[in-house]
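J.: Residue strings, one per chain:
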Amino acid sequence: MASRLGYGSTMYQSSNSAKTLRFQALLAAWLCLLCTACSVSTITLSGEYPAPLARKLPLTIGVYYPDELRNYAYVEIDDNSGKDQYIIQSGESQVQLFNTVLPALFQNVVLLDSLDQASQHSNIDAVFVPNIEEFQLGLPSKTKLKVYEIWLKYNMRLSKTNGDYIADWVMTAYGKSPDESFQSVDAGVKDAATVAMRDLAASFTLGFTSVPGVSDWLRENNYIP
Amino acid sequence: MKECIRYLVLLPALFVAAILSGCTTTEIDEFRQGETGISGDGKIVILGRRQNNNYETEGSFVQCVARVVGSGKDGINVVPEREFLDAMFPFFEPRTAPMRTSHLRELMSIDVAREKIEEFGVEYIVWLDGLTERSEQAGSISCAIGPGGGGCFGFGTWQDDARFEAEIWDLNTLDVVGSISTDANGQSYMPALVVPIPLIARVEANACSGLGNQLKQFIKGDN
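Chains as they are written, first to last, in this note's numbering: chain A, 267 to 491; chain B, 1174 to 1396.
No lab work stands behind these hints, which were simulated from the structure alone. Please note that the accuracy of each hint is not assured.
[Said to hold, decoys possible] The calculated label-pair distances, taken between Cβ atoms and stated as ranges, are:
{"hint": "1", "chain 1": "B", "residue 1": "Lys1246", "chain 2": "A", "residue 2": "Thr326", "range": "51 to 57 angstroms"}
{"hint": "2", "chain 1": "B", "residue 1": "Ser1313", "chain 2": "A", "residue 2": "Pro369", "range": "54 to 60 angstroms"}
{"hint": "3", "chain 1": "B", "residue 1": "Gly1321", "chain 2": "A", "residue 2": "Phe448", "range": "25 to 31 angstroms"}
{"hint": "4", "chain 1": "A", "residue 1": "Asn428", "chain 2": "B", "residue 2": "Arg1278", "range": "43 to 49 angstroms"}
{"hint": "5", "chain 1": "A", "residue 1": "Gly348", "chain 2": "B", "residue 2": "Val1367", "range": "39 to 45 angstroms"}
{"hint": "6", "chain 1": "A", "residue 1": "Lys408", "chain 2": "B", "residue 2": "Thr1330", "range": "28 to 34 angstroms"}
{"hint": "7", "chain 1": "B", "residue 1": "Phe1204", "chain 2": "A", "residue 2": "Asn374", "range": "50 to 56 angstroms"}
{"hint": "8", "chain 1": "A", "residue 1": "Ala317", "chain 2": "B", "residue 2": "Gly1215", "range": "23 to 29 angstroms"}
{"hint": "9", "chain 1": "A", "residue 1": "Asn346", "chain 2": "B", "residue 2": "Thr1330", "range": "28 to 34 angstroms"}
{"hint": "10", "chain 1": "B", "residue 1": "Gly1327", "chain 2": "A", "residue 2": "Lys412", "range": "22 to 28 angstroms"}
{"hint": "11", "chain 1": "B", "residue 1": "Gly1394", "chain 2": "A", "residue 2": "Ile490", "range": "42 to 48 angstroms"}
All C-beta atoms in this analysis are idealised placements derived from N, C-alpha and C, irrespective of residue type, glycine included.
Produce the complete structure using the sequences and hints provided.
T.: Structure (structure tokens):
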């Protein structure tokens, strides 16, 4: 009898612990869901960009990517909670874009680790420094439009190897992608960013020789007729 | 016996579904401004317009029309949109693409652009512009789930209206040779009795096949 009771008691304990385990698992799953809903989502932009069709300028350009550009991340704030909602890391993607565009536009491109390095290369004609000034994001949930939108504002600087100013100009870019059914925010933002980056590359390629300071410098040095 | 009963239930349901989902009307208008015709190995490219602020022509619709134009015995060689845009970069981006044939003439005066287009062997550029809008949404469906199971109950209906226009540019004459517009609309229904049964009007698909077939005939100069 004692053994039977003992057996029954063990069964009861085992069933009880199974219930506790199930409850704990459910609680853990619920907490995970809650944490996912509240946590900030990081979107890392990446993309392959085509090399632009252009006649190369007979120039050797040194290019320096500042750390602000290399590590640029935009933070979208949740209007309701005031907390970070999305972190969009775009630095790597921007460097990739310039690394594709510049060799198609100039005869030679030299990557510089610092601006001081420019003077060590005697063949460099000018130093180009792109930097991002502003990044804006339009989410369909906030704008009530059926598109994801991205605006970019850049500051471009072209200087001589000794640091003398040639030109300093602002460029803006815009990209949008339709908000399709069952599409994730991640995919929508990435698509819009790719369009914006291509827009920037297109404007840069087609407009570089027309930038006032650049145009004067190119003519003065007989790089263009 | 069970199989027979299943078929007896399924067949009327499929019949009703076929009738209801077929409720789509498609209207196609063609406007010809010049002679057309394409050589055996001639190619065309179909591009979506993406300049509008509130919408952009869906890539999937452009692909669908390209598939229709390229299929069948009388199919025309269509250069994939993405391949063309990448190869012609930066001349056909939303901000730089030619909006009028006068811009196309300017573009063709640029050596690198003209050479690339000639390399493709493209004889016509087709610009697609439009969107599918949803309206007249009515009804509601509520779903519930409990320990004993779940289910939905209710009825929903909506209307889809697909309006697209194709403008055809001849790359030999650098002029517009015509345009084709399509307007397809249809009512979709979603009754839910435990399980929702979607009876979707294939509006965009009908607009795509109608426009694609008409475009094929137009470029070949069959009409």
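J.: All hints, please: hold or fail.
T.: Status of the hints after comparison with the structure:
Judged by the Cβ atoms, the range 51 to 57 angstroms given for B:Lys1246 and A:Thr326 holds: they are separated by roughly 55 angstroms. Checked against the given bound of 54 to 60 angstroms, the beta carbons of B:Ser1313 and A:Pro369, roughly 58 angstroms apart, stay inside it. Distance hint for B:Gly1321 and A:Phe448: a CB-CB separation of about 29 angstroms, consistent with the stated range 25 to 31 angstroms. The hint said 43 to 49 angstroms for the Cβ distance between A:Asn428 and B:Arg1278, and at roughly 44 angstroms that hint holds.
The hinted window of 39 to 45 angstroms between A:Gly348 and B:Val1367 holds, with their beta carbons roughly 43 angstroms apart. Restraint check, A:Lys408 to B:Thr1330: a C-beta distance of roughly 29 angstroms satisfies the suggested window 28 to 34 angstroms. In this structure, B:Phe1204 and A:Asn374 meet the distance hint of 50 to 56 angstroms, their C-beta atoms being roughly 51 angstroms apart. Distance hint check: the CB atoms of A:Ala317 and B:Gly1215 are about 27 angstroms apart, consistent with the given range 23 to 29 angstroms.
Remark: the range hint 28 to 34 angstroms for A:Asn346 to B:Thr1330 is upheld by a beta-carbon distance near 33 angstroms. Checked against the hint of 22 to 28 angstroms, the pair B:Gly1327 and A:Lys412 passes, with Cβ atoms roughly 25 angstroms apart. Restraint check, B:Gly1394 to A:Ile490: a C-beta distance of roughly 44 angstroms satisfies the suggested window 42 to 48 angstroms.
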